[in-house]
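K.L.:
Make a model of the complete structure from these sequences and hints.
Quick note, the sequences are listed as chains A and B, same order. In this text, residue positions in the first sequence follow our numbering: the first is 3, and each later residue adds one. In this text, residue positions in the second sequence follow our numbering: the first is 39, and each later residue adds one.
Since the hints were made in silico from the structure, they are not lab data. Worth double-checking, as some hints may not be accurate.
[As the list claims (entries may be wrong)] Partner residues are not named here, just some residues of chain A that face chain B (Cβ under 8 angstroms, in silico):
id, residue
1, Thr42
2, Asp52
3, Ala66
4, Ala91
C-beta atoms are modelled at their ideal positions from N, C-alpha and C, and glycine is treated no differently.
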Amino acid sequence: MTTCTRLSDRMPDVALGRERWSEAEARHLASCEDCRAEWTLVSAGSRMGDALRPADPARVAAGALARIERERVRIRARTRVAAIGGLAAAAAVALAVWGGRTPRPTPGVSEPPAGAVAAGPATPPRPSPTAAGPAAGSQTVAGATLDLPLPELDSLPAEVLDSMLKALDEPLAQLGPDDLPGDDSGDQELARALAGLEG
Amino acid sequence: MSAPPTPHSPTDAALAAAYRRGDERAATELVRRHAAALGRFLYASGGGASDIDDLVQETFFRAFRALAGWRGEASLRSWLFTIGGNLLRDEFRKAKGRKVLSLEDRDMPDHADPHADLTAAETEERLRAGLAQLPRLQREVFLLRVQEGSGYEEIAVALRTTPGAARVHYHHAVKRLKELVR
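P.N.:
This is how it looks when you write it as structure tokens:
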């Protein structure tokens with residue numbers, strides 16, 4: 003290590019007052035123009051800003067901490083708004099999904115032509131022009147109203163429709179033997195054929 | 039100069055931990071220790087003398103906000119200088135290249151010898167102007183070395199470089215400043 007390099011390495015500490023030049027180093031510094039130029043820079047750099055008015059630590063700290071607190075408040079408010087917005091969006095999505103839900107078709111019930119079926123609570127059941135109640139033109143499937151267009155019934159008078167409904171609603175047990183279908187010729191023929199076979 | 043911690047006073051790391059637990063007096067103590075050195079660094083790096091208080095406060099605001107990110111590898115002061123350097127760079131960009139250096143509003147050193155005053159003031163101004171022309175890394179290595187007496191190991195940690203590279207940056211800075219200040 004040359005004397006110039008050694009001096010260069012020690013310059014900051016000497017400039018800051020932590021160390022002192024030895025006599026040999028001081029002599030080298032006096033004779034070496036390059037080291038002297040560097041020493042001028044380092045000593046000026048170490049003093050730079052010494053004359054600045056010192057900032058009041060309490061004021062600086064209070065200002066910085068107040069800004070941090072303001073930022074915290076702002077972040078909390080922003081988070082709250084974002085949470086409320088998120089909840090509102092979720093609620094809107096849930097409503098849209100619930101409102102647009104279609105009833106599951108019941109097995110065995112044929113699907114009416116498109117446009118003829120109005121399902122769900124968004125579309126109220128269409129009242130039949132002549133028949134009273136849903137039995138004439140509509141069926142209730144799993145809580146939803148299903149309208150079946152039956153134009154041949156629309157022209158019938160109310161009395162005829164009432165009698166038809168009454169007949170439909172009567173249980174079979176109330177019917178007499180005469181009301182049952184009388185054609186049992188198939189059974190009699192079968193009995194005769196069996197008797198012939200047995201001899 | 040800032041007051042260094044005495045053997046009985048808490049370390050910077052302890053004060054930082056206390057602040058993170060909510061002790062605002064710890065923050066004030068950290069400011070008391072480092073504000074003056076930070077102000078000198080910001081001034082030497084090109085900050086206007088009348089802006090130094092605001093720059094110091096902004097640096098501490100950023101530092102307290104990010105204190106969890108200081109792992110104690112570099113000294114708190116070196117870390118503060120790095121934040122201050124970033125702040126100056128941001129200010130410089132905001133001003134779109136307008137020089138942050140304000141050579142008019144500096145406080146002149148108060149010496150008895152007017153000739154010495156002039157020489158010292160002239161040297162300081164030429165040095166400031168020269169520092170403003172250096173690449174940022176060279177400038178910060180030079181200032182950490184001559185204002186804080188930091189070793190190359192610590193400078194390397196603070197500026198995220200290697201000790202060898204820090205030494206090279208320092209010597210490049212000195213060489214360039216010799217040409218600029220002459």
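K.L.:
Return the numbers of the hints above that this structure violates; sort them in rising order.
P.N.:
4
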